[in-house]
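Number of protein chains: 2
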Amino acid sequence: MTPVASVPADLDQWLTAHQGDAVDELFAFLRIPSVSARSEHAGDCRTAAEWLAARLSHAGFTTEIMDTPGHPVVLGEWRGAGPDAPTLLVYGHYDVQPAEPLELWTSPAFEPEVRDGRIYARGSVDDKGQLYLHVKALEAHLAVRGTLPVNVIVLAEGEEEVGSVNLEAFLEQHRERLRCDGVVISDSTMFAPGVPSILSSLRGLAYVQIDVRGSTSDLHSGMYGGAVVNPAMALARILSTLHDDNGRVAIAGFYDAVQAWPESVRAQMRTLPFNEEHFRDEVGAPALGGERGYSVLERLWTRPTCEVNGLLSGYTGEGAKTVLPAVAMAKVSFRLVPDQNPTVVEQLVAEHVKRVTPPGVTATVTPLHGGRPWRSELGGPLHEAGVSALHAAFGTAPVITGEGGSIPVVGDFERILGAPVLLMGFGLPGENAHAPDEWISAENFRQGMRAAATLLDQYGAAKSR
Amino acid sequence: MTPVASVPADLDQWLTAHQGDAVDELFAFLRIPSVSARSEHAGDCRTAAEWLAARLSHAGFTTEIMDTPGHPVVLGEWRGAGPDAPTLLVYGHYDVQPAEPLELWTSPAFEPEVRDGRIYARGSVDDKGQLYLHVKALEAHLAVRGTLPVNVIVLAEGEEEVGSVNLEAFLEQHRERLRCDGVVISDSTMFAPGVPSILSSLRGLAYVQIDVRGSTSDLHSGMYGGAVVNPAMALARILSTLHDDNGRVAIAGFYDAVQAWPESVRAQMRTLPFNEEHFRDEVGAPALGGERGYSVLERLWTRPTCEVNGLLSGYTGEGAKTVLPAVAMAKVSFRLVPDQNPTVVEQLVAEHVKRVTPPGVTATVTPLHGGRPWRSELGGPLHEAGVSALHAAFGTAPVITGEGGSIPVVGDFERILGAPVLLMGFGLPGENAHAPDEWISAENFRQGMRAAATLLDQYGAAKSR
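Sequences listed follow chains A and B, in order. Each residue of the first sequence is one higher than the one before, starting from 1 at the first, in our numbering. Each residue of the second sequence is one higher than the one before, starting from 1001 at the first, in our numbering.
Excised from the complex, chain A in its bound form (with noise of 0.2 angstroms):
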């Protein structure tokens, strides 16, 4: 195991004496209300990126503002530790959701307030506050040594609310500028309050539509009824074929290319307090489903899935039409796993339907969206760093965890820069990323600048041992 270090007593003490600017620093970046996704807000996208390059600046980073066709990236380098020294960059982003429905806050989204040991506002968690909290971390070591124990390039981007549509190109266009050893984003939740995480593994997804079509147009049902395929029913017994009665998706070779988790890992993850009554209690339904075999957080982190997204066909008004539709739609997606690959399974799911059809009705299946799953080596420096780092601020050993969602610019990084990942993030369960009141606990805020100062010190000593 990884020795266990505290946080070093200098970076401490002065993010201690610090720790009010810190807040009111954050506050003020909360305040500029830079939602990527409405073209009115384009100039407050711009003003947090002049504001958060202001702040590296004065933190002794060499800043530049480089334009995007969207929003532009801030880019901060620090890089006196030589040639010779590890280079770490550390992502964030500095736009937001947008805050309606404005009406759900308790108090106003680009206003800030703590109530209860927590910072409500717009982007607290996701992510200006756990973005910030690395400047304040860097700064300190600035501040108080006058240097950093490896280089440091920053970059925080303006369009990850709105799918961090120009980062890929980015990083292909910078790609010598941008490389570097290791990467960490803090943009994650921790699995409980006082339960530092990493998180290791995101899950992938292919999804399609698929359409059925019957007739050339609608039809009477009492005329028609009976004697030609109706495509609704036909969608609705073709979706029936996607799983099989235990819960598993019944498309062949679709568990393939499914690696196992380490048996490790498992273990650790039945160890974690999580309650199932709890999570059905928070989703309402009368029963929690899925795979057999699996407990709940291993279905939603190491298996994947086939969920039906949206279905639309013929007369959906209120009351009766007799209608025969001569079309129905499905949305279906498929969350995926390493090493599953997207484009390989829209090419099963196609096939599968393509079986599945029966005559009378012809189906297409039109892949809408792909990503690739990841999962961390969970070893390596700057996985130990982190452990080191999470360990000496909380007190406690971090645990793995795992999403069922997908963050596709942590494998754009692996892919384009060739550097491993670190998720190490500090939100809470319950914080209302993307909805009203969204909050970043207080005291996670300190740890985390704590701890994303110590990661730097152990990354240093790991990649020099």
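The hints are simulated quantities; they were obtained by calculation from the structure and are not laboratory data. Computed from a predicted structure; not experimentally measured. Cβ atoms here follow ideal geometry from the backbone N, Cα and C, with glycine treated the same way. Worth double-checking, as some hints may not be accurate.
[As the list claims (entries may be wrong)] Quick list of the computed label-pair ranges, beta carbon to beta carbon:
| hint | chain 1 | residue 1 | chain 2 | residue 2 | range |
| --- | --- | --- | --- | --- | --- |
| 1 | A | Ser217 | B | Asp1021 | 37 to 43 angstroms |
| 2 | B | Ala1054 | A | Met223 | 31 to 37 angstroms |
| 3 | B | Glu1318 | A | Pro273 | 40 to 46 angstroms |
| 4 | B | Asp1256 | A | Met223 | 23 to 29 angstroms |
| 5 | A | Pro436 | B | Ser1039 | 20 to 26 angstroms |
| 6 | A | Thr362 | B | Phe1027 | 42 to 48 angstroms |
| 7 | A | Leu272 | B | Val1258 | 38 to 44 angstroms |
| 8 | A | Glu351 | B | Gln1347 | 37 to 43 angstroms |
Given the coordinates of chain A, assemble chain B onto it according to the supplied hints.
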């Protein structure tokens, strides 16, 4: 077999002499935009009722325009045949479907025009033309002979196109006044040009909505997918159990009340000039479908069905949204045949859905609409008079047809007035009854008057035999 009559020469001569007047009068009737579904046409509906009452008065009938909670009923009575003679009730409707989309009409919907032997206008075949041919037949009798061979009640309602919502109560309320020995309705189609037809069966309907609910609100499919039951998928699986692999409805007890058809009618059905490939072409589907072991006409006319009329769940817009829906809805209807009962079928469906709903979701079945199936006796004085009259007018014996849809008033007449109903229609396939460019064959309008006039003689003779 009933002896074949010919159209009485005196009536035939009068009708031929007044053919031009009949068409002119029908045009005047068709110019009144009596769209029952649109409140702005309420005045036009009353105008149509008044126009019709005036024509009946002119023919020699006592007429009354009787208010209902909706559009009025036109009642015409001629009781000069005396209490011992039978009474025939002629039913029709003076209201029409909305004409929209107007831009798809070749000539304006309410400006009748003859092209290629067809009278084009909204209401030409449904039902003003088919109602007015009876009025002219009655006028012929009274003009030529000063009398009618039977007592006649003409009942024309103005709400057939909005579900005859007030007719049942009207029949109940005026049961004594409307007492009759038979009802004739011309509001249906002939099997083909030159093939006079008696419509002898109508399917009933049981229409339900199935609502499946999982979580209390929509969930993120990444964060929850795989651990909760997806209601859209559950709905698909429920729907997939409604048929077996032979196209039979797989609900326990569904066929218990289904009566076999007389072999003679099935044999006649097989001789009808029905081209399945033309039907498939018209539908535009790659192949036909339905219950194994039955011809297309048998499936449409004699067999019950189960159809999905609508599906709705989750995200149905463009592109991909990774929602795990909280609810999913299907509209499902069953066409029924004698002696299936819609209430019983609704119960069987609810029990079936309850049995096949997986844990993790709840499903509710809400009845939305029901109607009983109907089949005529294929015998008795009115039926035989109809066969003779059609044979006389068209020079060929009528065929017995069925109809996949419902005409709810037929059951009401039989149940409330205790009188058999003869459905003797003069429409033709492709007549666009509820669509732009509605038409009635000018030849069928003419033959319809001849048949209706002959029917009165035949019915009078049959009843007095």
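Okay, the hints, checked on the actual structure:
no.: 1; hint: Ser217(A) <-> Asp1021(B): 37 to 43 angstroms; verdict: holds, 39 angstroms
no.: 2; hint: Ala1054(B) <-> Met223(A): 31 to 37 angstroms; verdict: holds, 35 angstroms
no.: 3; hint: Glu1318(B) <-> Pro273(A): 40 to 46 angstroms; verdict: holds, 41 angstroms
no.: 4; hint: Asp1256(B) <-> Met223(A): 23 to 29 angstroms; verdict: holds, 26 angstroms
no.: 5; hint: Pro436(A) <-> Ser1039(B): 20 to 26 angstroms; verdict: violated, 42 angstroms
no.: 6; hint: Thr362(A) <-> Phe1027(B): 42 to 48 angstroms; verdict: holds, 45 angstroms
no.: 7; hint: Leu272(A) <-> Val1258(B): 38 to 44 angstroms; verdict: violated, 57 angstroms
no.: 8; hint: Glu351(A) <-> Gln1347(B): 37 to 43 angstroms; verdict: holds, 41 angstroms
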